[in-house]
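Participant: As a plain string of letters, each chain reads:
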Amino acid sequence: MSALSAEPIPRDTEHRSRTDARHDLIFRLALRFCALLVLAALLGAALSTLWGGRDVLFHDGLHFLLSSDWNPVENQFGALAPIVGTLVTSLIALILAVPVSFGIALFLTEIAPRWMRGPVGAAIELLAAIPSIIYGMWGLFVFVPFMSTYVEPWLSDYFGDASPSGGVQAVRLVIGTLILLIPTLPMFYGALHRWLHGMALTATALVLAISLSGALSYVLMFSVLPNLFNGPPLGLGLLTAGIVLAVMILPFISSVMREVFQTVPARLKESSYALGSTTWEVVWDIVLPYTRSAVIGGIFLGLGRALGETMAVTFVLGNSYNLTASLLMPGTSISSSIANEFNEAVGLHRSALIALGFLLFVVTFIVLLIARLMLRQLARKEGR
Amino acid sequence: MSAVYARRAVVNIVALALSGLATLIGLVFLVWILWITAQNGLEALKPTLFTKITAYADQGGLANAMVGSLIMDLMALLICAPIGVLAGTYLAEYASGSRLGASIRFLNDILLSAPSIVLGLFVYVIVVIPTTELTDGRITFSGFAGSVALALIGLPVIVRTTDEMLQLVPGTLREAALSLGIPQWKLTMQVLMRAALSGILTGVLLALARLAGETAPLLFTAFGNNFMTAHPLDKMASMPVTIYQYTNDPNPALHAIAWAGALLITLFVLALSLLTRIMFSRKKVSYE
Numbered sequence: 001m002s003a004l005s006a007e008p009i010p011r012d013t014e015h016r017s018r019t020d021a022r023h024d025l026i027f028r029l030a031l032r033f034c035a036l037l038v039l040a041a042l043l044g045a046a047l048s049t050l051w052g053g054r055d056v057l058f059h060d061g062l063h064f065l066l067s068s069d070w071n072p073v074e075n076q077f078g079a080l081a082p083i084v085g086t087l088v089t090s091l092i093a094l095i096l097a098v099p100v101s102f103g104i105a106l107f108l109t110e111i112a113p114r115w116m117r118g119p120v121g122a123a124i125e126l127l128a129a130i131p132s133i134i135y136g137m138w139g140l141f142v143f144v145p146f147m148s149t150y151v152e153p154w155l156s157d158y159f160g161d162a163s164p165s166g167g168v169q170a171v172r173l174v175i176g177t178l179i180l181l182i183p184t185l186p187m188f189y190g191a192l193h194r195w196l197h198g199m200a201l202t203a204t205a206l207v208l209a210i211s212l213s214g215a216l217s218y219v220l221m222f223s224v225l226p227n228l229f230n231g232p233p234l235g236l237g238l239l240t241a242g243i244v245l246a247v248m249i250l251p252f253i254s255s256v257m258r259e260v261f262q263t264v265p266a267r268l269k270e271s272s273y274a275l276g277s278t279t280w281e282v283v284w285d286i287v288l289p290y291t292r293s294a295v296i297g298g299i300f301l302g303l304g305r306a307l308g309e310t311m312a313v314t315f316v317l318g319n320s321y322n323l324t325a326s327l328l329m330p331g332t333s334i335s336s337s338i339a340n341e342f343n344e345a346v347g348l349h350r351s352a353l354i355a356l357g358f359l360l361f362v363v364t365f366i367v368l369l370i371a372r373l374m375l376r377q378l379a380r381k382e383g384r
Numbered sequence: 001m002s003a004v005y006a007r008r009a010v011v012n013i014v015a016l017a018l019s020g021l022a023t024l025i026g027l028v029f030l031v032w033i034l035w036i037t038a039q040n041g042l043e044a045l046k047p048t049l050f051t052k053i054t055a056y057a058d059q060g061g062l063a064n065a066m067v068g069s070l071i072m073d074l075m076a077l078l079i080c081a082p083i084g085v086l087a088g089t090y091l092a093e094y095a096s097g098s099r100l101g102a103s104i105r106f107l108n109d110i111l112l113s114a115p116s117i118v119l120g121l122f123v124y125v126i127v128v129i130p131t132t133e134l135t136d137g138r139i140t141f142s143g144f145a146g147s148v149a150l151a152l153i154g155l156p157v158i159v160r161t162t163d164e165m166l167q168l169v170p171g172t173l174r175e176a177a178l179s180l181g182i183p184q185w186k187l188t189m190q191v192l193m194r195a196a197l198s199g200i201l202t203g204v205l206l207a208l209a210r211l212a213g214e215t216a217p218l219l220f221t222a223f224g225n226n227f228m229t230a231h232p233l234d235k236m237a238s239m240p241v242t243i244y245q246y247t248n249d250p251n252p253a254l255h256a257i258a259w260a261g262a263l264l265i266t267l268f269v270l271a272l273s274l275l276t277r278i279m280f281s282r283k284k285v286s287y288e
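The listed protein sequences correspond, in order, to chains A and B. Take the first sequence: its letters are residues 1 to 384, numbered as in full-length UniProt numbering. Take the second sequence: its letters are residues 1 to 288, numbered as in full-length UniProt numbering.
In case anyone wonders, no lab produced these hints; they're calculated from the structure. Warning: the hint list may mix true and false statements.
Stretch by stretch, here's where chain B covers chain A in the computed footprint (C-beta under 8 angstroms, at least three residues) [as the list claims (entries may be wrong)]:
1) 40 to 46
2) 140 to 153
3) 290 to 301
Below, a sample of chain B positions facing chain A; criterion: calculated Cβ distance under 8 angstroms [what the hints assert, rightly or not]:
4) Phe29
5) Leu30
6) Ile33
7) Ser96
8) Leu267
9) Val269
10) Ala271
Examples of chain B residues lying across from chain A (beta carbon under 7 angstroms, computed) [said to hold, decoys possible]:
11) Tyr90
12) Tyr94
13) Ile117
14) Val118
15) Leu121
16) Ile126
17) Gln184
18) Leu187
19) Met228
20) Pro240
If you're wondering where the values come from, they're calculated on a predicted model, not measured in any experiment. The beta carbon of each residue, even a glycine, is placed where N, CA and C say it ideally should be.
Construct the entire structure; sequences and hints are all you get.
Facilitator: Printed below as a string of C-alpha cells:
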C-alpha cells in the first residue's frame, strides 16, 4: 500500500517543481522588466528632450547658452535669461530656506516639548502637500501685492537708491554694521575682553576687525544692495519668486534635517550635555558635524526641487527676458518659459523650449545625484 | 570667567529663540496660504461649479475639468500602480544586495524629485508627436498622454513605498511559507503582498495625492478642453490646468472660479495626505 502510493508522489513533485521553477522565472523577469521601466523613464526623459531640442542644441550650441537674445519672431534663441533666472531664484530660495529649515529642525528635535513635535512637524510637512498651483495663485493674488505695498518700497527706499539722502545713508550704515556685527560679535567680545585685561596685541585685532567690517558693510550697503534692490516695487520679480520657492522647499529640507538629527546617538549628545554644553553648543558642535553630509544632501534636495519648480514661479516671475541685476525686476526661468510659451511655439521655438527642458533635466539630475549620494553616506555610517 | 558663561547663555537663548521664530514663520505661511484658499474658495463655491462646463466661461463651472481630472488620475493610477508595485516588489524581494537593485532604488529616488515639467516634455515627445504623425493630426494632445505623464509622477512614489513596506514584513513569514514548499511567486503574491497590503495601498493613495495636484506635466499632454469628454484620445480638461488658465485670465469672475477649484483640489489632496499619514502611523506601530 505504502509502496504503491509512494511511487507517483516523487514524479508529481518533480513535475510541479519544474513548472514552479518556470513560473518563478517568468514572474522574476516580469518584475525585473517593471523595475527597469524606472530606469527607462529617466533615460527616456533625458534622451527625448535631447532629441526634441536637437535643432537648437547642436546648431546653436554655446550661443544658445550664452546669448540673452530670445526673440521667437526672428528665430533668435539665447537662453541666458531663463538660465540666470532659474539659478538666481533657486539661490534666493536656498539662502532663505536653509536657515529657517535648520531652525525648524532644531526646534522640533531639541527644544519643543514632546507633545508639540508630532503635530507641528506634520503641519510643516503639509506645506509640501499643497499643490504648487495653489502656491502660484496665492503668490500672484496675495503675496505679490503684499510685496509691492509693504516690502519692496521699503527695500528700494532704504537700499535701492545709489545716492541716498543723509538720513537714509545713516540708517543704511547702522543696519550694515549690525548685519556684519552679528557673526563677528563673539570675536569682538573676546577681543574686548582680552583688551580690558591688558593684552595689547588683540587690541589691534579689534581695530582691524571693526575697520574691515565697516569697509565691507560700506561696499554691501552702497554698491551691492543698490544694484540688487533697484527698481519700481512691482511685486512681480525674482525676489518674490525666490521667497515663494523658499516656502515650497522649506518642508523638504527641514524634514531631512529633522530625520537625520534624530539619528545622532543619544550618548554623544548626553556626553556633551554632561560636560556643560548648552543646547545650542550640542547642536552646533555635535549634531551638525555628525550629520553634515546628510544635511548638505537635504539642502541639495531642496535645490533640486527649487530648480525644477514651475507653477509657483510662473505666475510671480513676470515673464521678461531682460537681464537686470535688480531682484525687484521681472524675469523668467527655464520652467516658466516652457510653461508660458510651449503651446504657442512652433518649429525652432518649440525645439528651443525642449532644449531648455533638457538643460533643466541635466542640471537637476546632477544636483539630485549629489543630494542622494550625500544622504547615503549617513545611512552607511549607521550600517543600514 | 563668568563673562564667558554669560556669553554662552546669551548665544544659546538667542539661537533657541530664533529657531522658535523659524518654526513660527513656517506655520504662518501654512496658515496664510490655507486661509486665503479657504476664504476665496468658499466665497466662490456654488452648485453650478459641479453642473456646468468651462465653455460658459464666467457663467459656467468646472464639471468637465472635474471629470477630466478624475479620468486622467484614475488612468494614471491604472498605469503606474501595477508597474510600481511590481517594480517595488523586485527591489525588496529579488534585488536585495544586487547592484542593479541598488542603482534602480537610487535612481527611483531621483525620479521622485525630478522636475515634472520635463516629464511632461518627455511624454510630449514620445506620445503626442507620434500620435499626431500617425493620425495626420486628428489625435494630438489627449487625455491618454496626460495620464501617462501623471503616471510618471506617481510611479516612483509607489515603487518606494512598496519596497519599504515589503521590507517591513518579517523574514520569518517568508521562511515559514518557503518551508512548506510554496514557489516564490506564490509566496510573493499571496503571502507577502497580503501582509503588506495596507502599506502598498497607502503608497497608491500617496501617489494619487501627488499627481492630483500636478499642472505642469498636463499643459502640453492633455492640453485642456472647454467641453465635456470622456474619450481618452480627446484633448481633456483638468482641474489644475483650468485653474492655471483662469488665473492667467484678466477676468475676475474667472479668478473666483479658479479659487473654488483651488479649494476643492487642496481639500482633496490634504485629505488624502492626512489619510495616508494616519495609515502610515498605524502601520509603523503594528510592526514595531
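Participant: All hints, please: hold or fail.
Facilitator: Each hint, compared with the structure:
| no. | hint | verdict |
| --- | --- | --- |
| 1 | 40 to 46 | holds (count 4) |
| 2 | 140 to 153 | holds (count 3) |
| 3 | 290 to 301 | violated (count 1) |
| 4 | Phe29 | holds, 5 angstroms |
| 5 | Leu30 | holds, 5 angstroms |
| 6 | Ile33 | holds, 5 angstroms |
| 7 | Ser96 | violated, 13 angstroms |
| 8 | Leu267 | violated, 11 angstroms |
| 9 | Val269 | holds, 6 angstroms |
| 10 | Ala271 | violated, 10 angstroms |
| 11 | Tyr90 | holds, 4 angstroms |
| 12 | Tyr94 | holds, 6 angstroms |
| 13 | Ile117 | holds, 5 angstroms |
| 14 | Val118 | holds, 4 angstroms |
| 15 | Leu121 | holds, 4 angstroms |
| 16 | Ile126 | holds, 6 angstroms |
| 17 | Gln184 | holds, 5 angstroms |
| 18 | Leu187 | violated, 10 angstroms |
| 19 | Met228 | violated, 21 angstroms |
| 20 | Pro240 | holds, 5 angstroms |
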